[in-house]
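Peer 1: Take a look at the letters that make up each chain.
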Amino acid sequence: MTATLNADLAPVQHTGPLPPVPDGAVMVTVNLQRFNPELDDAPHMESYRIPALPTDRILNLLHYIKWYIDGTLAFRRSCAHGICGSDAMRINGRNRLGCKVLVKDLVTAKKTEITIEPIKGLPLEKDLIVDMEPFFDAFRSVKPYLVTHGNEPDREWVQSIEDRERFDDTTKCIMCACCTTSCPVYWSADAYVGPAAIVAAHRFIFDSRDQAAEERLEILSDAEGVWRCRTTFNCTDACPRGIQVTKAIQEVKRALMFRRI
Amino acid sequence: MQFHRYDVVIVGAGGAGMRAAIESSQRARTAVLTKLYPTRSHTGAAQGGMCAALANVEEDNWEWHTFDTIKGGDYLVDQDAAEIMCREAIDAVYDLEKMGLPFNRTPEGRIDQRRFGGHTRNHGEAAVRRACYAADRTGHMILQTLYQNCVKHGVEFFNEFYVLDITLSDDPANPGQQVCTGAVAYELATGEIHVFHAKSVIFATGGAGKVFKTTSNAHTLTGDGMGVVFRKGLPLEDMEFYQFHPTGLAGLGILLTEGARGEGAILRNASGERFMERYAPTIKDLAPRDIVARSMVMEVLEGRGAGPHKDYVLLDCTHLGAEVLETKLPDITEFARTYLGVDPVTEPVPVFPTAHYAMGGIPTNVQGEVLRDNDNKVPGLYAAGECACVSVHGSNRLGTNSLLDINVFGRRAGIAGADYANAVEFTELPSGPADFVVNLVEKLRTATGGERVADIRIALQATMDANAAVYRTEETLKTALNDVQVLKERYSNVSVQDKGKRYNTDLLEGIELGFLLELAEVMVVGALMRKESRGGHAREDYPTRDDVNFMRHTMAYKEGDPTSLISDIRLDFKPVVMTRYQPMERKY
Ligand SMILES: Cc1cc2nc3c(=O)[nH]c(=O)nc-3n(C[C@H](O)[C@H](O)[C@H](O)COP(=O)(O)OP(=O)(O)OC[C@H]3O[C@@H](n4cnc5c(N)ncnc54)[C@H](O)[C@@H]3O)c2cc1C
Ligand code: SF4
Ligand code: SF4
Ligand code: FES
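Chains as they are written, first to last, in the numbering used here: chain D, 1 to 261; chain L, 262 to 849.
Chain D on its own, in the form it takes in the complex (with noise of 0.2 Å):
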């Protein structure tokens, strides 16, 4: 390891103030899982104590820390309101947006500690970054685009209002991973292509101008496919757009077997 990196390199003091601690804030404790790629030989834990208002997005703690403290912090963000997907933690243990749950949610007046750690499952890169290339991977892997054969109408394809809102609830995936970085069969079989891929083709599957289907549930019966969830709904929990993921995986599943029988 190169614990000597750019010991070349003079150390930065920067000069200005901390920014006024607003009305109203707590202190809480941040517990921040680090790891430099180019200094560490693994990951530890290091705590700061920082200033927070009730208010304040966990994604603004970790600005906070890289801006003012420590600016070699490294994590992925971009929207800052839950829709981008870039910023999926483990918080307090669970698998959530770091822009999406406030101080309020998880601090008490006796608990002012906020524990932060990568997601699970990806290779670890650097502080929060994980490598999504997998990740994205399985989501490839299971055609997700729209196939259809023959003519295409001048116009569009028509669709019913129930058609249309039979697979809803799968087109709202923001591809983040947190279900699938919360699975216990995914962090111990890597061959699992994982829920986050299984609701991709879901919602293809439960296209009505989809053409498809077959494929797809052909690729999901191999042995890296949906016979390996056992239900556990970890990824339902985990997910932070609402999607019932687990409902999505069932359906695959009864697609399978109806076309089976």
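Straight line, CA to CA, 25 Å or less: simulated DMTMM-like cross-link-like pairs of lysine to aspartate or glutamate:
#1 762(L) to 131(D)
#2 704(L) to 70(D)
#3 413(L) to 210(D)
Just so you know, the hints here were simulated from the structure itself, not pulled from any lab data.
Note that this is a predicted model, so its numbers are computed, not measured.
Position chain L with the ligands against the provided structure of chain D, taking the given hints into account.
Peer 2: Just chain L with the ligands, lined up with the frame of chain D:
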């Protein structure tokens, strides 16, 4: 350093970039470089809809849409471009539907449509149902659908690659002219610099909302693409026109779609008055955004704001009922509950204008070709989406017209870029193609000054919110200009703490801040020069539109040393293209 060679390089994987990629990758060897994973792009945050005169639920036609777009833009719209956009809108929506986009449906199974601000029947008679939508997740569905189709077509992505420069080479065919020959990127995971040699480069890097503090934009919308092009001495057009969306969650800026008002929600002041009746008697709450935002600020300035500090107004959705909110506006209902603790089903929601959309950007023609001045283009360089200025939005974009813009002009740029690449040979890269980026990165990485990136960024956002937002005056703009210039000086003393190569987001936040400072100054300089009020640019000291002196686009050029953040800005003008609509007074 690594070298790559592609016919077409697309920078950005939001709606515009991926729509371009779907066309380009089927015609030429294409790479998409994006600083975010494609599905993280801010197109996914768009809520309310995408307009096209499908006439699925009531009479409509694309000429009415064109008129609304031009009038909505306060006549600074290039009318030929608006005609193209509104005519091609219909196929753009059908294309997305056939790619799989799950639009809401009418009882007949057709794409459903809703009302939106400024979209009217027969040149202003009444609001029309023109916006095609999928609940309040239209942008999410567009982004997902385009990504799905990129997977289908095997589009090659370079994720978490930050493009920080383009290369321009002397044009062998036209001595003295330059052509675009590639892009230079920084790879987040490794800190490596990559040079992409290309025949066509298409910029689709999105907006720059992080110039402001209160904004609907993502942390990553830092105007990189506009900044890269500007540093090459190429112009930016109409940057003083920045849109403030009326309904941001008060204090937070998170957006509540105009679709809420399209479904019937009403803006009220502290006394419960429906104040838009006074400002826009015909279409009231569905007036264009510039008018609604100004009216809201006026209510607050005149003491009729709501809340303990009388500093916001209220969006009343309570009469819509739980059913409409849960089925047609589920996400914004959840945002209000999660982030403000307010339930729109039972309580009005505190709202205030939030910095939302850059009308200006990299000037292009209707093929997406980037202009080097009023008449000439930069061969091989294209731009589309929010980073570009075609100009279809003029001085004020209508709601739903950006999702439309990214699809129509993303597609056009993708086709034009690929066709051009297939017609020409590679031009050699200039010598030392990565020098600029290597210096930029190494200088900041090794800097030891005492300034924090966050402090400068927060000061910039504070002055822009206070002095260059919905209402501006000579005095506030001069304050903003002075502040931005002082901050640019301070930036020369900035340093980052992360000295590493792997996932150095500290370093990249510093580089992004450089782009923000660059663009903020362009916005303010343009706003100071434009002594009139038009669309998104409202001068308290010049409250009316001045067609004699200002019916023209602004073109801003960086003068002097391109590697220095501190430099002069030269302003020039470009005529507005008019076809059949003569400027009229704008009443709603
Ligand atoms: C909350 C919200 C709601 C909206 N609702 C609507 C609506 O209902 N209707 C409507 O018409 N419009 C709406 N808009 C506007 C519209 O969504 C955007 O203008 C549009 O999506 C922009 O698309 P884009 O492809 O140009 O950019 P983006 O989707 O922002 O994509 C930018 C891309 O560029 C990449 N990028 C940026 N910088 C670099 C760099 N240096 N190197 C490499 N890659 C880079 C990013 O990774 C990203 O992939 C809304 C906007 C917001 C913020
Ligand atoms: S229900 Fe199935 S997919 Fe979901 S967490 Fe449990 S085992 Fe994994
Ligand atoms: S199903 Fe839910 S938890 Fe899983 S990736 Fe999609 S949005 Fe995230
Ligand atoms: S930052 Fe986008 S989901 Fe949290």
